Amino acid sequence: MTQSNPYPYLPGKGALTARLIRFALPIIGSGVVQQSFNSVDVAVVGQFVGDHALAAVGANGPVISLIVTLFMGIALGANVVISRYLGAGNGEGVRRAVATQGIMALICSVILLLTGVLSARPLLEMLDTPAEVIDAATLYLKIYALGFPAMLIYNFVSAVLRSVGDTTRPFYWLIGGGLVNVALNLWLVLSLGMGVEGVAIATVTSNVVAAAGVTWNLCHEKGDIRLHLRRLRLYASELRSMIAIGIPAGLQGSVFALSNVIIQSAINGFGPKAMAGSAAAVIFEIYAYFIVSALVQAALTFVSAAYGAGHTELCRRLMWRCMWIGGAGCAALNLTVATFPDFFASFFTTDSQALAFAKERIHIVLMIQFIATSYEVAAGGMRALGYSLTPMFITILGTCVVRVVWVKVIVPSSFGMLMQVYPITWLITGTTMLIAWRIVSRRVLGPAASCNPKHPFLEKNKIMKIQERSAKL
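Counting in my numbering, the sequence shown runs from 1 upward without gaps.
FYI, nobody ran anything at the bench for these hints, they're computed from the structure. One or more hints might be untrue.
Unchecked claim - Straight-line C-alpha distance at most 30 angstroms; calculated BS3-like pairs for lysine-lysine: (1) Lys-408 with Lys-273; (2) Lys-222 with Lys-142; (3) Lys-142 with Lys-273; (4) Lys-142 with Lys-408.
Stated by the list, open to error - What follows is a list of derived Cβ distance ranges for each label pair: (5) Leu-186 with Ile-428: 41 to 49 angstroms; (6) Arg-121 with Trp-320: 23 to 31 angstroms; (7) Arg-121 with Phe-343: 32 to 40 angstroms.
Values in this document were obtained by computation on a predicted structure and should not be read as measured data. Built from N, CA and C at the ideal position, the CB exists for glycine as well.
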């Protein structure tokens, strides 16, 4: 063991909520800045190019998610593995996991690039993208795909930094990339007269800036998580652990994205105005989701390390605290936007018909989005304990299958009826996931401790057994 303190960045006595919030805030900021790459694209083309260009950019959101999500799951798996090693004080395991993560980032980047470039038009045709916007949408996606490797490397490297509690430097580099994105958008579109190709080039460039920055940080890091480019190799045990946790998470995300692709296809059937309005409204859903996602990352990191250190009752406290913080933050943003829908939607479109569709989606979907926190954070807690298949199956059945049935079997007759599938699936999946968390946590952690919850440490031999299992993974 290389550390005297098995989980130095985890909260000590008291201040649990404050520590979690400090960890999560830069992740939320990172998500906001990263999404701003696309949001600025949407705003620029919507205000200065036209609604058809706005529809072309907006139609690519579900497609991009479908392509990249599977590979992002592997980064999540690495976050869990490294955090658990740190909790167990296994420095050699940390070094092997970082080396393995580096190789996986390179391999996945090549696959992702080829997939994006070669499948751009077929995927958009599968979405029934209208003929008047499909050429522009295809051009945007092909150029955007050139930045997929940088996007993936950024997320892989950031996962390593998050495992030691560093969420700040990835955020700073995204700010730098975001500023580059805004400057290039305005120059390429306003000065040079480009359309969707201009905003796509700006986004690719900003992704490269962010990826280069965090990679430089990790290559100059002190301690076991430092990335040594000449020592990159695959270690079988670490690779198996990352895949066991990450692939189910990635598959879940991909199937989830596929269900959203099917919903996007149904939205496309209502025409370019509905596409433009939905694209404007969904941006605020994504911003609210960053709050939830940040607390999922906190649950993954902190629960993994606490479990590796053998502090099982702390795992429960961390999961529930993350859920309440995420739900409260998401609800606050949901209600703010839903109270002033015209003001917020007008940032992205000024067309009256598109605004009407945007407001309808905001009132049906965004207003109660916070309930999705229930299944997202609970799923993160289960993955931190090594259970990744369970949340995958629950999400696929409770969310994805129901959404497909809603679109293909029930066949909504109106835009509002189509949007109702979101709250319905959130309720179904959230209820089921919380039941699953209770079962899994009792199986892995044992019954909840009846002692003082502020000091819920297990007997010494139980802690040693968990640390030994975590060290070996």
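Which constraints among the numbered hints does this structure fail? Numbers only, ascending. Of the numbered hints, 2 and 6 do not hold.
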